[in-house]
Amino acid sequence: MKIYFSDFFNVDSDVIDGYGAFNPSLLNDLPLFIDPFLLYSNDNEEIKDLHHSVISYVGFLKEKASDGNIDIQKLKSWFFFPEVKQNWFGYSEIENGGSGLGRTFADSLNKNLHTIFSNFGSENISTDSHLEKLCLVNEGVGKDAISDFTTNLIKEYLLEYTQKFAVDNIDKSLLQVFTVKKVSFDYDNEVWINKKYTLPCHKGDFVLLTPKSILTKDDTWINKKDLCANYDGVINSISNDELRDRFVNEVLRLTPEDDHTIKSRNKAIAETILKYPQYIDYFIKHKESRGNEAKINSSIKVNQTEKLFIENISEIFKELNKTEFYDITSFDGKEINLKVSLFKNLIESKGGSGFLYINENFITREKELGIFIKMLFMEKGDYDFNKIKGKVKFKLASNNKLKDALVSKCKNEVNLKDEQKQIMPIICYKDSDFVRVQKLITESKLKEDDFLFTIDARPSA
1 MKIYFSDFFN VDSDVIDGYG AFNPSLLNDL PLFIDPFLLY SNDNEEIKDL
51 HHSVISYVGF LKEKASDGNI DIQKLKSWFF FPEVKQNWFG YSEIENGGSG
101 LGRTFADSLN KNLHTIFSNF GSENISTDSH LEKLCLVNEG VGKDAISDFT
151 TNLIKEYLLE YTQKFAVDNI DKSLLQVFTV KKVSFDYDNE VWINKKYTLP
201 CHKGDFVLLT PKSILTKDDT WINKKDLCAN YDGVINSISN DELRDRFVNE
251 VLRLTPEDDH TIKSRNKAIA ETILKYPQYI DYFIKHKESR GNEAKINSSI
301 KVNQTEKLFI ENISEIFKEL NKTEFYDITS FDGKEINLKV SLFKNLIESK
351 GGSGFLYINE NFITREKELG IFIKMLFMEK GDYDFNKIKG KVKFKLASNN
401 KLKDALVSKC KNEVNLKDEQ KQIMPIICYK DSDFVRVQKL ITESKLKEDD
451 FLFTIDARPS A
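So the sequence shown is numbered by UniProt numbering: it starts at 1 and just counts up by one.
Since the hints were made in silico from the structure, they are not lab data.
Bear in mind that the values here come from a model prediction, so they are computed numbers and not experimental data.
Be careful, since some hints might not be right.
[What the hints assert, rightly or not] Label pairs and their calculated CB-CB ranges:
1) Thr261 - Lys447: 33 to 41 Å
2) Pro459 - Asp218: 19 to 27 Å
3) Gln420 - Lys74: 51 to 59 Å
4) Asp71 - Asn236: 43 to 51 Å
5) Arg458 - Asn124: 52 to 60 Å
6) Asp218 - Asn124: 27 to 35 Å
7) Glu419 - Thr442: 19 to 27 Å
8) Arg246 - Asp218: 26 to 34 Å
9) Met1 - Arg458: 27 to 35 Å
10) Lys172 - Ile193: 21 to 29 Å
[What the hints assert, rightly or not] In the DSS-like style, the derived pairs of lysine-lysine whose C-alpha atoms are separated by at most 27 Å in a straight line are:
11) Lys350 - Lys391
12) Lys403 - Lys307
13) Lys318 - Lys393
14) Lys217 - Lys401
15) Lys439 - Lys344
16) Lys225 - Lys195
17) Lys307 - Lys295
18) Lys85 - Lys334
19) Lys447 - Lys367
20) Lys322 - Lys295
21) Lys393 - Lys344
22) Lys111 - Lys143
23) Lys417 - Lys391
24) Lys85 - Lys2
25) Lys195 - Lys76
26) Lys225 - Lys182
27) Lys295 - Lys285
28) Lys217 - Lys195
29) Lys182 - Lys164
30) Lys307 - Lys322
31) Lys403 - Lys430
32) Lys403 - Lys263
33) Lys111 - Lys203
34) Lys389 - Lys85
35) Lys85 - Lys172
36) Lys439 - Lys411
37) Lys143 - Lys181
38) Lys263 - Lys225
39) Lys164 - Lys181
40) Lys225 - Lys2
Note that the Cβ used here is the ideal one computed from N, Cα and C, for glycine as well.
All chains, please: the whole structure from these sequences, using the hints.
Put into structure tokens, the structure is as follows:
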């Protein structure tokens, strides 16, 4: 059974943990990413310096953008980056593939270097510059782009970090010398430099290890959602009485007297920020002051990811291995249905519901559920999950778009033979989930059968 880095390279997982690295799955990306704020707030001075490296490069881009239009070749060289897929993080449903940073990100960053980043490198409110500022005001740039950009800019560190571990702990037969593109930037000649490294080799490509202390899940510490959610804390941190009063009065003016909902208040806050963009710098300062909280929260999330996608996957594999689950290698509809039924039986009748959550923190995103199920099906390593993607689709009862999926199933499968129908198991964590699912199934003019059924994953199940 080979799932994780430790399995493929014959290294004790405790050794990887002792090195401070995350033990990635080499079957599929796991839903973690690098948060640049965790570089800034890191206890390790070498890692903390990486934040300065990121800021220095953005400062270089800002300087070049101020000189005038950047030609397409330089734009591609300086702003375009591939996804660093070799760290095996993200939400890809096809092993570790990703799209990388192309024209959309490049244009957005280039355009904003002299707008929201006009004081980049010379902030007088926040303690330091932060790349995440870009995703606070730009709809087209999310956490994935910020993380990919950061990962590319610290790639040299990750390569050296992995090489040191590999040379000290992995058999030479499992290592290979790779020439890696765009590793470090030569500021004198304004070009990216390629370098060679001795690294773990998996399926012809190298694998990277990443320190746990820079990883998080769900969102970056400095994020758009908290821009409004942290409003009270941000306002209370502003020492300038006049400016603080202007913020507060504008929000009150824009909030309808007959509508004091969170949605209405957040809309008023967002409109106020457009009028007084200084708020963003105070928000970042507020986030900086809570750096320890960022580290604690991220550590909890990383530990939960390890528990769910490493420990729980390993345990559920052992249980399914006692059945015929992994003996079924056909992609026939009946065989797939049997595999799903064996999984359902384990969850409902063999005490396996606990494998689908951590301390009552359920899997709430279907992309994460998809990764979990895919890894489970691929445990033996020789089962091509991509061949059954259209034949089975696990859903969460809590999904807001579940009714749309059910209506679509009813419409598309009305005249299909059984072997052509998609199997749709629906995971239910609570009593209310069952009530909701039954209501939606009835409204969609469907009924439970071999192709549409619930899986009882309640903690008491």
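Tell me the hint numbers this structure goes against, listed in increasing order. 12, 16, 18, 20, 26, 28, 33 and 40
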